[in-house]
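Undergrad: Sequence:
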Amino acid sequence: MARKYNPAMSAPPSATRYISGYSPQLIAQTEASIASGQLGPALLKRYPEAHEVRNERALHAYVTDLKNRYQRNAPPLSHISYDNRLHVIRNALGTHTTVSRVQGTKLKSKREIRIASVFRTIPKEFLRMIVVHELAHLREREHDKAFYQLCCHMEPDYHQLEFELRAYLCWLETTGEALWE
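With full-length UniProt numbering, the residue at position 4 of the sequence shown is 4, and numbering never jumps.
Please keep in mind that the hints were generated in silico from the structure rather than gathered at the bench.
Quick reminder that beta carbons are idealized off the backbone N, C-alpha and C, glycines included.
Just to be clear, a hint being listed does not mean it is correct.
Here are the simulated distance ranges between beta carbons [as the list claims (entries may be wrong)]: (1) Q71 with K108: 34 to 42 angstroms; (2) S100 with R46: 36 to 44 angstroms; (3) E49 with S109: 32 to 40 angstroms.
Could you put together the complete structure from these sequences and hints?
TA: Pasting the structure below:
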């Protein structure tokens, strides 16, 4: 359960952990926006509706469509799902895993993508950013320049969407108020 935020106090130390890698000015601006209650309404104005990809089947179709559009030659995915056990608190918006097993004389690999369940009710732009991030890991393992170039190829507004999603997570943690249902 999220802690309630008291605007009279300064932002809790953990409130900005989702954006801790950004500049101090941007962090201060985000904290002020949360404290004044402006961040939530601004995000709602920019992204008025939540996506419709609510169940496993719809998520599988959505991810597979994006994969086929941008990474036709990438290895197939064996499992795509929302995961209740993923904790956004540990900075995992989603995960990608590769499990390799020896079957006879062959090495078989299975690739999985799991998205944190808290993202069942976010705007479609945010969901797309998370899926693009996890799909980029099929080709690029590390978060390096090539990785982010691939993300921007699949989603040109990737960096802006990532920041706004992280700002929303700060809002959600400090106020406890989900913006989309």
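Undergrad: Flag every earlier hint the structure violates by its number, smallest first.
TA: 1
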